[in-house]
Amino acid sequence: MPCMSMRHMKDNQEGVICTIKARGELGRRMRDMGLVPGTRVKVRGRAPLFDPVALRLMGFTLTLRNNEADYIEVDVDELH
Amino acid sequence: MTNSIEATIALAGNPNSGKTTLFNALTGARQHVGNYPGITVEKKIGAYIKDNRRFTIVDLPGTYSLTAYSLEEIVARDFLIDEQPAVVVDIVDAANLERNLYLSIQLLEMGLPVCIALNMVDAAKRRGIKIDEKRLAEMLNVPVIPTIARSGRGKDELMQAVEEIANSHKTRSPVLISYGQDIDQALFEMERLIGDEQFLTDTYLPRWIALKYMEADENMRERGKRLNSRLSAVLDGIAGRVSDHLEETLATDPEAMIADYRYGYIRSIVNQGVITRANDLSRLHVSDRIDGIVTHRYLGPLVMVAVLFGLYQFTFTYSEIPVTWLETGIAKLSQLASDHVPEGVLKSLLISAVIDGVGGVLGFVPLIVFMFFGIAVLEDSGYLARVAFMLDRIFRIFGLHGSAVMPFIISGGIAGGCAVPGVMAARTLKSPRERLTTILTVPFMNCGAKLPVFALLVATFFVQYEAVMMFGITLGAWAGALLVAKLLRSTVIRGESTPFVMELPPYRLPTLKGVTTHTWERTWQYIKKAGTIILAISIIMWALMSYPGLPDSVKQGFQAERQALLAAVPEMVIREMQSDGDNGILSNQAHDFKEQMVLLDAREAEAGLKNSIAGRVGQGVESVSRLAGFDWRTNIALLGGIAAKEVVISTLGTAYSLGEVDPEDSKPLADTLAQAPGWRPLTALCLILFIMFYAPCFVSVVCISRESGSWKWGAFSIVFNTFLAFTLAVVVFQLGSLMGF
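Going down the list, the protein sequences come from chains A and B.
Just so you know, this note's numbering puts 28 at position 28 of the first sequence, and the rest follows in order with no gaps.
Just so you know, this note's numbering puts 620 at position 620 of the second sequence, and the rest follows in order with no gaps.
Treat the hints with care, since some could be wrong.
As the list claims (entries may be wrong) - Lysine-lysine pairs mimicking DSS-like chemistry, simulated, CA-CA at most 25 Å apart:
| no. | chain 1 | residue 1 | chain 2 | residue 2 |
| --- | --- | --- | --- | --- |
| 1 | B | K43 | B | K712 |
| 2 | A | K42 | B | K125 |
| 3 | B | K50 | B | K155 |
| 4 | B | K610 | A | K42 |
| 5 | B | K430 | B | K712 |
| 6 | B | K430 | B | K513 |
What the hints assert, rightly or not - Derived contacts from chain B toward chain A, CB cut-off under 7 Å, selection only:
| no. | residue |
| --- | --- |
| 7 | N96 |
| 8 | D260 |
| 9 | R297 |
| 10 | G300 |
| 11 | L302 |
| 12 | M390 |
| 13 | D392 |
| 14 | F500 |
FYI, nobody ran anything at the bench for these hints, they're computed from the structure.
If you're wondering where the values come from, they're calculated on a predicted model, not measured in any experiment.
For every residue, glycine included, the Cβ atom is placed at its ideal position computed from N, Cα and C.
Model the full assembly from the supplied sequences, consistent with the hints where possible.
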């Protein structure tokens, strides 16, 4: 399955990050928190106003805004 | 056999890794908090003493990395490099090993003497994660000690290991990570150049300098440029070359590449039998189950409103009792001074400036204690991060961060808070621009001191619409604050919004020790700083309102009137006054006499105030303030309001010859205003608008300056807010007048 933007992932969908296009401070913050290609992430849910999004990766929960999630492409697992 | 030893050790680690808990466990009560010079990052220092070992322990700010992007990271990095601690204890959350090791390997790459405290092993075990610490120690070539900071388990073993490192004095070889051929080659080339010219090598390892240049680290490049701009440019050139190449071939940059390889290195370590997981990672944790309710689409906001309201109630209801004690105490002190200090300047100074001024500051203390306690509980439990998560979407529109809701509510977002603890509560915000904007806009909320002023004006001029008006005032404050936030964020505090990327820490039961230490530290800082400055300012305000006194001729005039009154009353009345004092029931004649005397005193006070510097200023700006419908009396009252907003009422009272007016019972003032010439509903409305938005009270200004790290912002809040408030009032007054109100 080709990579898709994290913004379009549904709740509880899982996958492996393929690319992160963010540069500068945002890119650095993402990397500091473990968002790098090869990391497995799961969308845990979204805030009541549908933004930000909560992710689960490497055993902890991370949140980021939808417009920040746009920079992340994820190879989403086939739904079963 | 232990030798006597003294050394400095630093605690480094991710936020939420239990670093502060470990710090508390190691140092107990032997700690103090300061600030790093010029910035608001807290510097916590403590001592660990056992037998003949004495370690000074510095708790570095929690960071995820050492990339020198945030203030916290720069502080941590500078400390590690400049102070050269004998040992760096790196606290690693066992349940979160991979991400925590990202910081660890950066410490190791710097060649620092690291000792890893593998913390919260109990929580990790409960989540089915087992870590082979011996294997981890072997792979990283540093001691790894399992600890449970909450119960203090493992802290003696940890300090044993720390002591061994401190005693060994052996030079450690830094961890070398390969970053792929392109970067490795360039690093090698840079390292050679750096070594040849001894470029910054007295403080940093050559490889680390090269790495930082490769990552285009601002902080390092600036240092380098100042020392040797030629070599610095050469290094930049090499890094630029690699960067271009990576961009072309892989559409990435060196920084991202380096991070990828670091995580790759961590994964390779972790996957070599360091971690064994009993359960599937995606298993629902307790935290997830709580979040299922607490951040639920419909339940979440309800829970949040309840929690925020609860905090508000807790802070303002329970602090009322100690506040009353303090007020009573201060009133007693004031009475004592009034009874025992001889009449004169000293007495007036002591009562009006020293006791009232410092008393005003102390009066906030219970509020601050309760508020910080409540916030510490919410913060340590992990709930505050959820509030930011839920509200970010709304606050972002105005260039603020979701976490800003707490400071706004505390400052009076529901009406009746206080901007002082509100400004201080902005500390929980980590992003500098959003934090400054929050600090500058929370004083627009309707604090408990503005409310009685509004209540008086509304009750006098808008009797039928009381509830609507008060609600409108609250909404107006929010609208004003958010719009000003937007304005500031698009002008003076312009800049990209700080990335929201934030950890939602697992819920934890806050420890009493952690919460109380937190509360006490912050309260004490407030008392110390605000107390001294406020004393000076209250003395100045007192002087402005008392000097110059009335000229002798005028004073003699009042004295003569007093004599005349005395001469006019029969002997009997005077005797009655002396015997019964103020408490007894007076005859009609005596009652009239007393009233006349009080009236005379009040007139003298009014004349004195009018003649004072403040009075002259008030009259001087009258021609301008008339544009908004304010006369000189209002001007003086507003000037006094800068000291503390409730002063507006008492000063208006003096200016209208009513003597001292109690803000809690301002009926006589209301009656006077209703009949005073020049006062109509439109005037009152403009005054309300002005009071909502003009200069924050002095205690707030002091806090703003302190929390923003610069007096410039304190001054800005006075000038900008007053300008804004005046503009608003003028526009409304002029338009209203035109429309015939």
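Open item on the list: Of all the hints numbered above, which does this structure not satisfy? Sort the numbers upward.
Closed with: 4, 11
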